[in-house]
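Colleague: Counting from 1, one number per residue, gives the positions in the sequence shown under UniProt numbering.
Derived from the structure by calculation, the hints contain no laboratory data.
Nothing false has been slipped in among the hints.
Lysine to aspartate or glutamate pairs mimicking EDC-like chemistry, simulated, CA-CA at most 20 Å apart:
| # | residue 1 | residue 2 |
| --- | --- | --- |
| 1 | K121 | E132 |
| 2 | K86 | D157 |
| 3 | K86 | D97 |
| 4 | K181 | D50 |
| 5 | K121 | D188 |
| 6 | K86 | E99 |
| 7 | K94 | D148 |
| 8 | K94 | E229 |
| 9 | K181 | E202 |
| 10 | K181 | E203 |
| 11 | K181 | D197 |
| 12 | K94 | D83 |
| 13 | K26 | E203 |
| 14 | K121 | E68 |
| 15 | K181 | E59 |
| 16 | K26 | E213 |
| 17 | K121 | D77 |
| 18 | K94 | E213 |
| 19 | K66 | D188 |
| 20 | K66 | D250 |
| 21 | K94 | D160 |
| 22 | K94 | D157 |
| 23 | K26 | E216 |
| 24 | K181 | D31 |
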Amino acid sequence: MATMASDNIIDNPSDSAFDPAFDPAKGIRLDNLPPFARRLRDAADMVWEDGYNQPFLRELGQGTLKQERFAFYLLQDYRYLADYAKVHALALTKTNDPEVMRFMVNVQNAIFNVESSVHRKYMAGYGVSEEEMNNVRQSAFARAYTSDILAIAYGGDLLDILVAVLPCAWVYADYGQRLAKEFADTLDSNPYQSWVDMYKTEEFWQSSVWLIEHIERMVQGLGEERLNELEEIFYNGVQNEYMFWASAYDMQYSWKPQWDGRR
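Working from the sequences, and respecting the hints, build out all of it.
Modeller: Right, here's the structure in full:
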């Protein structure tokens, strides 16, 4: 996931007049969200919190997650990121704004030059070749997720795309920071420390900040029907994130495990 410095778009107190809980002077933080971002986060709260408390994240934070489960996740995430990059490439066709275009290109660059290198490093440690990575079978759950965001990228507008990719960026930043705090005393001996370290940083959070700022500006003046549509896109994305973790923990390729033998 690429990062980009905030442009302080949300700097007018009148923009947050209907949400006194947001303090623009503090900037966008996990505990200081502008109005529409807070609405999105609240709408997805149950799934969001269940996601953080599911076995994959619990055991990853404790350092007890089985390596084969983590390897399954990494292989599926490697496949996911290729489609995630395509979504950002399609976003380029929805705008003439150089800043937005630059962000989309930077995300793609980070995917292929940062995230992918992390996956290769982990996979090499598990004896998985790059050829195996490139030819891994995509799970039904990962395919449902990427099919959803690709469909939005093809058929929706730029705002739809920004909301569709936000769950991935935001969930990882939130979970990374929370894991780092919750397991601070044991993280040094955790085999997954580098994973937590990657997503706990302020630099990584800034990708979400950039998206939230632009979404916040773009939703000004929109009607409730349109806002509900965007809320649904976000909520579905958070659900897909949950299923991605859950299916990785179960190492599940198909909707029913007994179907896996078909291929």
